[in-house]
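Per my numbering, residue 1 is the first one in the sequence shown, and the count goes up by one each step.
These are calculated hints, taken from the structure and not from any lab test. Some hints could be false.
Calculated lysine-lysine pairs in the PhoX-like style (CA-CA distance at most 25 Å, straight line) [said to hold, decoys possible]:
id: 1; residue 1: K8; residue 2: K34
id: 2; residue 1: K99; residue 2: K180
id: 3; residue 1: K7; residue 2: K50
id: 4; residue 1: K97; residue 2: K7
id: 5; residue 1: K134; residue 2: K8
id: 6; residue 1: K180; residue 2: K70
id: 7; residue 1: K70; residue 2: K97
id: 8; residue 1: K99; residue 2: K50
id: 9; residue 1: K134; residue 2: K70
id: 10; residue 1: K134; residue 2: K180
id: 11; residue 1: K173; residue 2: K185
id: 12; residue 1: K180; residue 2: K194
id: 13; residue 1: K70; residue 2: K50
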Amino acid sequence: MKDKSEKKDRILEASISLIRNQGYENTSVSQIVKEAGVAQGTFYLYFNSKNSLVPAIASQIFNEQLTLIKERYSATPHNLNNLLNTLIEVTYEVTSKYKDLINFLYSGFAYDNSFETWDNIYRPYYVWLESCLKALSNDMLLSIEMDYAYLSNFVVGLVEHSAESVYLSNSSKEDIRRSKQQLLKFLFHTLSPK
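Turn these sequences into a full structure, and let the hints steer you where they fit.
Right under this line is the structure:
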């Protein structure tokens with residue numbers, strides 16, 4: 001089982017590397033399997049086509065982001081400021097790391113009409129954040145009374161949009177710092193007890 005997982009991971013890593021270097025359209029399955037060191041048939045054990053790499057790459061990046069968020073938040077006292085700070089810092093960090101793939105991922109999902117797939121990839125994040133928000137509310141550390149499933153979706157959407165807007169527009173370090181600061185200020189003011 002581990003060998004299968006390792007082969008799939010090698011295929012994904014090779015795909016990411018090649019797509020970053022030469023673009024999606026210029027990357028072939030033959031190049032991917034050569035780079036990954038696997039047989040061409042092995043590729044098709046995991047992926048129906050090159051297009052099916054899009055959600056797999058997005059899922060891998062997203063899983064990295066969610067793992068970092070959970071690890072960092074668990075290492076802090078659980079309060080609204082630490083939760084928001086963690087969401088913002090990790091999201092900006094991961095967006096910076098993968099900014100060259102983000103446009104490709106969005107266009108790939110639009111091409112395949114796969115926004116439902118995108119939502120499924122994000123589902124664990126929404127569920128985790130919803131449980132954090134409920135816990136903060138139960139501890140009287142959150143002021144807003146609403147459906148936390150929607151609130152978690154709104155918060156994730158705003159944080160992701162903010163990170164993408166500064167990194168995809170090649171903003172200066174000062175603009176990035178200010179964006180994070182203003183986003184934290186807005187979310188904290190909106191959600192904290194009055």
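Okay, the hints, checked on the actual structure:
1. A hinted pair counts as satisfied when its Cα atoms are at most 25 Å apart, and K8 with K34 qualifies at roughly 13 Å.
2. About 17 Å separates the Cα atoms of K99 and K180, which keeps this hinted pair within 25 Å; it holds.
3. A hinted pair counts as satisfied when its Cα atoms are at most 25 Å apart, and K7 with K50 qualifies at roughly 16 Å.
4. For the hint linking K97 to K7, the alpha-carbon distance of about 23 Å falls within 25 Å, and the restraint holds.
5. Between K134 and K8, the direct Cα distance comes to roughly 36 Å. Violation of the 25 Å bound is thereby established for this hinted pair.
6. With a CA separation close to 19 Å, the supplied pair K180 and K70 stays within the 25 Å bound.
7. Pair hint K70 plus K97 holds up; C-alpha atoms about 18 Å apart against a cutoff of 25 Å.
8. Between the alpha carbons of K99 and K50 the distance comes to roughly 21 Å, so the proposed pair stays at or under 25 Å and holds.
9. Straight-line distance between C-alpha atoms of K134 and K70 comes to about 16 Å, which keeps the hinted pair within the 25 Å bound.
10. The suggested pairing of K134 with K180 holds, with an alpha-carbon distance near 24 Å, which does not exceed 25 Å.
11. Between the alpha carbons of K173 and K185 the distance comes to roughly 18 Å, so the proposed pair stays at or under 25 Å and holds.
12. This hinted pair checks out: K180 and K194 have alpha carbons roughly 22 Å apart, not beyond 25 Å.
13. Restraint check for K70 and K50: the C-alpha separation of about 31 Å exceeds 25 Å, so the hint is violated.
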